[in-house]
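Please model the entire structure based on the sequences and the hints provided.
These are the residues of each chain, in order.
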Amino acid sequence: MPASLLDTLVAYALDGLPNEVCGILGGKDGRVERVLPLTNAAASPEFYEVIPEEQLAAYADLYDAGLVALGVYHSHPASPARPSATDVALAHDPAAVYAIVSLQDRSNPEVRAYRVRDGEVTEIAITKTEE
Amino acid sequence: MAVSIRINGKPETAEAPSTVSAILEERRIRPEVVLVQVNGARLASAEFGTREVEDGDVVDILLQLAGGAAGYAA
Chain A
1 MPASLLDTLV
11 AYALDGLPNE
21 VCGILGGKDG
31 RVERVLPLTN
41 AAASPEFYEV
51 IPEEQLAAYA
61 DLYDAGLVAL
71 GVYHSHPASP
81 ARPSATDVAL
91 AHDPAAVYAI
101 VSLQDRSNPE
111 VRAYRVRDGE
121 VTEIAITKTE
131 E
Chain B
1001 MAVSIRINGK
1011 PETAEAPSTV
1021 SAILEERRIR
1031 PEVVLVQVNG
1041 ARLASAEFGT
1051 REVEDGDVVD
1061 ILLQLAGGAA
1071 GYAA
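Taken in order, these protein sequences are the chains called A and B.
For the first sequence, my numbering gives the first residue as 1, with consecutive numbering after it.
For the second sequence, my numbering gives the first residue as 1001, with consecutive numbering after it.
In short, the hints are calculated from the structure, not lab data.
These numbers were taken from a predicted model, which means no experiment stands behind them.
Heads up, a few of these hints could be off.
Okay, derived cross-link-like pairs now, DSS-like style, lysine-lysine, Cα gap no bigger than 25 Å in a straight line [claimed, not checked]:
{"no.": "1", "chain 1": "B", "residue 1": "K1010", "chain 2": "A", "residue 2": "K128"}
{"no.": "2", "chain 1": "A", "residue 1": "K28", "chain 2": "A", "residue 2": "K128"}
{"no.": "3", "chain 1": "A", "residue 1": "K28", "chain 2": "B", "residue 2": "K1010"}
Some residues of chain B that are not near chain A, with every Cβ distance over 10 Å (derived) [unchecked claim]:
{"no.": "4", "residue": "A1014"}
{"no.": "5", "residue": "A1016"}
{"no.": "6", "residue": "I1029"}
{"no.": "7", "residue": "Q1037"}
{"no.": "8", "residue": "L1043"}
{"no.": "9", "residue": "A1046"}
{"no.": "10", "residue": "F1048"}
{"no.": "11", "residue": "T1050"}
{"no.": "12", "residue": "D1060"}
Simulated restraints on C-beta separations [as the list claims (entries may be wrong)]:
{"no.": "13", "chain 1": "B", "residue 1": "D1055", "chain 2": "A", "residue 2": "P18", "range": "33 to 39 Å"}
{"no.": "14", "chain 1": "A", "residue 1": "E130", "chain 2": "B", "residue 2": "A1002", "range": "36 to 42 Å"}
{"no.": "15", "chain 1": "B", "residue 1": "A1041", "chain 2": "A", "residue 2": "T8", "range": "30 to 36 Å"}
Cβ atoms here follow ideal geometry from the backbone N, Cα and C, with glycine treated the same way.
Set out below in structure tokens:
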């Protein structure tokens, strides 16, 4: 994942404070090439919920660009970059990457990524690239 | 004979004809957490078991995207 997009995720998370932010990660061959921010319909510091129509529109944008949806990101304004019980319970897509941006330490934001299959959480290493 | 499926934007194919329920069941997707569109038209969940999809149809399956720090156990 390009370092600039990681920085973008953190910037979105900071801009969205005090609430959580969310969006789609698009790309191909396992490489994230676009970040598409979506409305957090829950507008909450502890919950996010994507509006299905926005979700569909984001996928359409990705198709048009020759990309696919690789996963979803959201922020944790005050907790670690690890899936909460809520995250695990609501992770319905076993093929998706779930990225979490933690702002628990505002001076050192952290982004980590996971897959969740049948309630089992596996961390995925994020390889930072120049571009 | 195949149906194009896009599950949260990721392309797949399924054999046609089939019902939406069968497509979901085959992939162990719970129908209560999805929104389904067939050829761009939203399908009511009550129709999942009866709506047959055929060769050339495009089925978008949206799995709910939600979560958050609530319930976080450090």
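How the hints compare with the structure:
Between the alpha carbons of K1010/B and K128/A the distance comes to roughly 23 Å, so the proposed pair stays at or under 25 Å and holds. With a CA separation close to 15 Å, the supplied pair K28/A and K128/A stays within the 25 Å bound. For a cut-off of 25 Å, the pair hint linking K28/A to K1010/B stands: about 10 Å separates their Cα positions. Every Cβ of chain A is farther than 10 Å from the Cβ of A1014/B; the closest lies at roughly 15 Å, confirming the non-interface assignment.
The beta carbon of A1016/B sits about 21 Å from the closest Cβ of chain A, which is more than 10 Å, so the claim that it is off the interface holds. With a cut of 10 Å on Cβ distances, I1029/B falls inside the contact zone with chain A, its closest approach being about 7 Å. Not every C-beta of chain A lies more than 10 Å from that of Q1037/B, the closest at about 7 Å, which undercuts listing it as non-interface. Here L1043/B stays apart from chain A, with its beta-carbon at least about 13 Å from theirs, past the 10 Å limit.
At roughly 18 Å, the least C-beta separation between A1046/B and chain A is larger than 10 Å, which holds for a residue marked as non-interface. Against chain A, the non-interface label of F1048/B holds: every CB pair exceeds 10 Å, the least being about 16 Å. Its beta-carbon lying about 22 Å from the closest one in chain A, T1050/B satisfies the requirement of being farther than 10 Å from that chain. Separation of D1060/B from chain A is inadequate, the least Cβ-Cβ distance of about 7 Å not exceeding the 10 Å criterion.
Between D1055/B and P18/A the beta carbons are some 50 Å apart, a value that contradicts the proposed interval 33 to 39 Å. Distance hint check: the CB atoms of E130/A and A1002/B are about 40 Å apart, consistent with the given range 36 to 42 Å. Judged by the Cβ atoms, the range 30 to 36 Å given for A1041/B and T8/A holds: they are separated by roughly 34 Å.
Checked against the numbered hints above, the structure breaks hints 6, 7, 12 and 13 and satisfies the rest.
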